[in-house]
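**Q** Chain residues, written in single-letter form:
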Amino acid sequence: MPTYKLSYFDLRGRGELARLVFKAAQRDFEDDRVQREDWPTLKASTPFGQMPVLDVDGKKLAQSNTISRFLAREFNLAGKDSFEQAQCDQYLELVEDMFKEFAKAFFEKDEEKKKEINKNLSEVVFPKFLGLFEKALEANGGSFLVGNSLSLADLGVYNGFDTPLQQNPKMMDSYPKLKALRSRIEGMPTIGDYLKNRKVSDI
Amino acid sequence: MSVYKLIYFDLRGRGEIPRLLFQAAGVKYEDKRLKLDISTGTCTEWKTLKSRMPQNALPVLEVDGKQLSQSLTIARYLAKEFGLIGTTNWQQAQVEQIADTMDDLRAEVAKWIYETEDQKKKDEIALHLRTEIYPKFIRILETILEENKENGNASGYFVGGDLTLADLSVYETFTFPLGIHPDILNNHPDLQEHRERIEGHTLLADYIKNRPERPV
Numbered sequence: 005m006p007t008y009k010l011s012y013f014d015l016r017g018r019g020e021l022a023r024l025v026f027k028a029a030q031r032d033f034e035d036d037r038v039q040r041e042d043w044p045t046l047k048a049s050t051p052f053g054q055m056p057v058l059d060v061d062g063k064k065l066a067q068s069n070t071i072s073r074f075l076a077r078e079f080n081l082a083g084k085d086s087f088e089q090a091q092c093d094q095y096l097e098l099v100e101d102m103f104k105e106f107a108k109a110f111f112e113k114d115e116e117k118k119k120e121i122n123k124n125l126s127e128v129v130f131p132k133f134l135g136l137f138e139k140a141l142e143a144n145g146g147s148f149l150v151g152n153s154l155s156l157a158d159l160g161v162y163n164g165f166d167t168p169l170q171q172n173p174k175m176m177d178s179y180p181k182l183k184a185l186r187s188r189i190e191g192m193p194t195i196g197d198y199l200k201n202r203k204v205s206d207i
Numbered sequence: 459m460s461v462y463k464l465i466y467f468d469l470r471g472r473g474e475i476p477r478l479l480f481q482a483a484g485v486k487y488e489d490k491r492l493k494l495d496i497s498t499g500t501c502t503e504w505k506t507l508k509s510r511m512p513q514n515a516l517p518v519l520e521v522d523g524k525q526l527s528q529s530l531t532i533a534r535y536l537a538k539e540f541g542l543i544g545t546t547n548w549q550q551a552q553v554e555q556i557a558d559t560m561d562d563l564r565a566e567v568a569k570w571i572y573e574t575e576d577q578k579k580k581d582e583i584a585l586h587l588r589t590e591i592y593p594k595f596i597r598i599l600e601t602i603l604e605e606n607k608e609n610g611n612a613s614g615y616f617v618g619g620d621l622t623l624a625d626l627s628v629y630e631t632f633t634f635p636l637g638i639h640p641d642i643l644n645n646h647p648d649l650q651e652h653r654e655r656i657e658g659h660t661l662l663a664d665y666i667k668n669r670p671e672r673p674v
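Read top to bottom, the protein sequences are chains A and B.
Just so we're aligned: 159 in the working numbering is position 155 of the first sequence, and the numbers increase by one with no gaps anywhere.
Just so we're aligned: 491 in the working numbering is position 33 of the second sequence, and the numbers increase by one with no gaps anywhere.
Rather than coming from a laboratory, the hints here were simulated on the basis of the structure.
One or more of the hints may lead you astray.
Claimed, not checked - Here are the computed lysine to aspartate or glutamate pairs in the EDC-like style, where the Cα-Cα straight-line distance is at most 16 Å:
(1) A:LYS64 x B:GLU630
(2) A:LYS104 x B:ASP620
(3) A:LYS181 x A:GLU112
(4) A:LYS108 x B:GLU605
(5) A:LYS104 x B:GLU566
(6) A:LYS63 x B:GLU630
(7) B:LYS667 x B:GLU630
(8) B:LYS594 x B:ASP562
(9) A:LYS132 x A:GLU100
(10) A:LYS9 x A:ASP36
(11) A:LYS119 x A:ASP101
(12) B:LYS594 x B:ASP561
(13) A:LYS84 x B:GLU520
(14) B:LYS569 x B:ASP581
(15) A:LYS104 x B:ASP561
(16) A:LYS123 x A:GLU112
(17) A:LYS9 x A:ASP35
(18) B:LYS505 x B:ASP558
(19) B:LYS538 x A:GLU88
(20) B:LYS524 x A:GLU138
(21) A:LYS132 x A:ASP101
(22) A:LYS104 x B:GLU671
(23) B:LYS538 x A:ASP85
(24) B:LYS524 x A:GLU112
(25) B:LYS569 x A:GLU78
(26) A:LYS64 x A:GLU88
(27) A:LYS9 x A:ASP85
(28) B:LYS463 x B:ASP495
(29) B:LYS490 x B:GLU520
(30) B:LYS493 x B:GLU605
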């Protein structure tokens with residue numbers, strides 16, 4: 005059984021999905037939360053000067069989505085065959101597309117522009133992505149995004165909406181299947197506890 | 459053998475890595491290219507097709523009629539099908555790590571491409587690419603090649619001693635930057651050799667030499 009260590013800052017950000025994969029799979033790992041002041045010294049020892057980094061028996065892996073996909077495959081949370089794996093992948097990438105839009109608001113310093121971006125987010129961008137995910141759930145029978153059981157796709161979508169929902173808790177109210185999927189994940193063993201008790205972070 | 463169709467604009471863009479994968483694997487596919495009106499930058503065919511695509515976006519890969527979206531997903535799926543993604547889960551992750559990193563580079567270069575209004579800003583972005591971005595990613599790639607040599611892999615390929623999606627990602631991601639900044643690999647012989655290795659590869663040479671010239 006390999007030993008896993010995930011190093012990332014003490015927030016959700018780009019480390020949280022991998023943490024959710026471990027929890028969903030009920031697998032142990034060292035959740036190495038790096039404090040900001042310790043990062044500069046640690047940086048040189050990482051493959052690409054960035055986090056998250058996954059250490060598997062001493063071998064290191066970078067790139068948040070690569071790490072999540074790798075773990076999902078290891079723990080059978082990546083679909084039952086190559087095409088289902090690709091379908092999981094596809095949803096992860098769609099979440100990335102949504103995140104890129106969301107990040108524009110986060111990084112915009114100009115207040116006027118920020119207001120415009122946020123308006124566009126709530127009126128155009130989020131409805132678009134909520135609609136795509138809801139449709140995808142319906143097309144797959146309603147319960148999970150890929151196959152008949154929880155996969156990386158469901159965790160990715162759950163994780164992708166965490167920060168938006170924190171800022172606007174009602175945003176998913178007209179998307180019943182997506183809402184139900186969130187509740188379903190929150191009711192699962194180990195990951196349910198983790199989600200209930202994890203500390204709140206802005207991102 | 460599955461029947462493949464790749465739908466994308468008549469550009470390299472986000473369709474080219476999947477095309478290179480088909481070439482490298484020697485697998486036939488329908489290369490559906492939607493033509494753009496260069497003068498207006500619009501695509502009439504796309505207007506009618508868009509609503510029929512699962513994410514209203516391209517590229518889309520059709521596999522025996524089933525549709526898959528997202529360029530990186532398509533690339534990973536094809537690489538997996540064609541044995542061009544390493545032979546173990548760990549190797550696959552190493553290949554993906556490089557492909558994902560190259561997508562980060564692509565995103566940085568895209569900022570220059572998409573800045574069409576403010577020339578001063580565009581020049582600033584170009585300077586940032588030259589002084590910060592290219593060096594950072596070149597260093598990452600050279601480090602991997604050096605570590606490979608230390609670990610007994612002197613093949614010049616990024617993972618596992620033979621061509622994978624990682625090599626095609628690196629090759630194609632540098633195609634556009636080299637067009638606007640032709641000298642960036644001048645002091646990086648390992649990476650220049652890598653490009654030559656891809657351009658000389660039996661299954662890729664003809665395709666790369668003869669593929670249509672496109673702005674991106």
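**Q** Next step is simple, just say for each hint if it's right about the structure.
**A** Comparing the hints with the structure gives:
Annotation: proposed proximity of A:LYS64 to B:GLU630 is violated, straight-line Cα distance about 26 Å (limit 16 Å). This hinted pair does not check out: A:LYS104 and B:ASP620 have alpha carbons roughly 34 Å apart, beyond 16 Å. Restraint check for A:LYS181 and A:GLU112: the C-alpha separation of about 32 Å exceeds 16 Å, so the hint is violated. Between the alpha carbons of A:LYS108 and B:GLU605 the distance comes to roughly 36 Å, so the proposed pair goes past 16 Å and is violated.
Taking the CA atoms of A:LYS104 and B:GLU566, the gap is about 13 Å. The hint holds against a cut of 16 Å. Note on A:LYS63 and B:GLU630: the hinted pairing is violated, with a Cα-Cα distance of about 28 Å set against a maximum of 16 Å. For the suggested pair B:LYS667 and B:GLU630, the alpha carbons sit about 13 Å apart, so the restraint of at most 16 Å is met. Distance check on the hinted pair: B:LYS594 and B:ASP562 sit about 11 Å apart at the alpha-carbon level, within 16 Å; holds.
Taken as a hint, the A:LYS132 and A:GLU100 pair is honoured in the structure, with Cα atoms around 14 Å apart against an allowance of 16 Å. A distance of roughly 7 Å separates the Cα atoms of A:LYS9 and A:ASP36; the hinted pair therefore holds under the 16 Å criterion. With a C-alpha separation of about 20 Å, the suggested pairing of A:LYS119 with A:ASP101 is violated against the 16 Å cut-off. As the CA atoms of B:LYS594 and B:ASP561 are separated by approximately 14 Å, the hinted pair is consistent with the 16 Å bound.
Simply put, A:LYS84 and B:GLU520 have alpha-carbon atoms about 19 Å apart, too far for the 16 Å limit, and the pair is violated. Of the pairs offered as hints, the one joining B:LYS569 and B:ASP581 holds, with about 11 Å between alpha carbons and a cut-off of 16 Å not exceeded. This hinted pair checks out: A:LYS104 and B:ASP561 have alpha carbons roughly 13 Å apart, not beyond 16 Å. For the proposed pair A:LYS123 and A:GLU112, the alpha carbon gap of about 13 Å is at most 16 Å, so the pair holds.
As the CA atoms of A:LYS9 and A:ASP35 are separated by approximately 6 Å, the hinted pair is consistent with the 16 Å bound. A threshold of 16 Å between alpha carbons decides the hint, and for B:LYS505 with B:ASP558 the separation of about 30 Å lies outside it, so the pair is violated. Using a Cα cut-off of 16 Å, the hinted pair B:LYS538 and A:GLU88 holds, with the two alpha carbons roughly 12 Å apart. With a CA separation close to 19 Å, the supplied pair B:LYS524 and A:GLU138 exceeds the 16 Å bound.
Proposed proximity of A:LYS132 and A:ASP101 is supported: the alpha carbons are some 11 Å apart, at most 16 Å. Distance restraint check for A:LYS104 and B:GLU671: the Cα-Cα separation of roughly 30 Å exceeds the 16 Å cut-off, and the hinted pair is therefore not satisfied. Annotation: proposed proximity of B:LYS538 to A:ASP85 holds, straight-line Cα distance about 11 Å (limit 16 Å). For the hint linking B:LYS524 to A:GLU112, the alpha-carbon distance of about 39 Å lies beyond 16 Å, and the restraint is violated.
The suggested pairing of B:LYS569 with A:GLU78 is violated, with an alpha-carbon distance near 36 Å, which exceeds 16 Å. Distance check on the hinted pair: A:LYS64 and A:GLU88 sit about 26 Å apart at the alpha-carbon level, beyond 16 Å; violated. For the hint linking A:LYS9 to A:ASP85, the alpha-carbon distance of about 27 Å lies beyond 16 Å, and the restraint is violated. Restraint check for B:LYS463 and B:ASP495: not satisfied, since their Cα atoms lie roughly 23 Å apart, outside the 16 Å limit.
A C-alpha spacing of about 11 Å is found between B:LYS490 and B:GLU520, which places the hinted pair at or below 16 Å, so the restraint holds. Between B:LYS493 and B:GLU605, the direct Cα distance comes to roughly 43 Å. Violation of the 16 Å bound is thereby established for this hinted pair.
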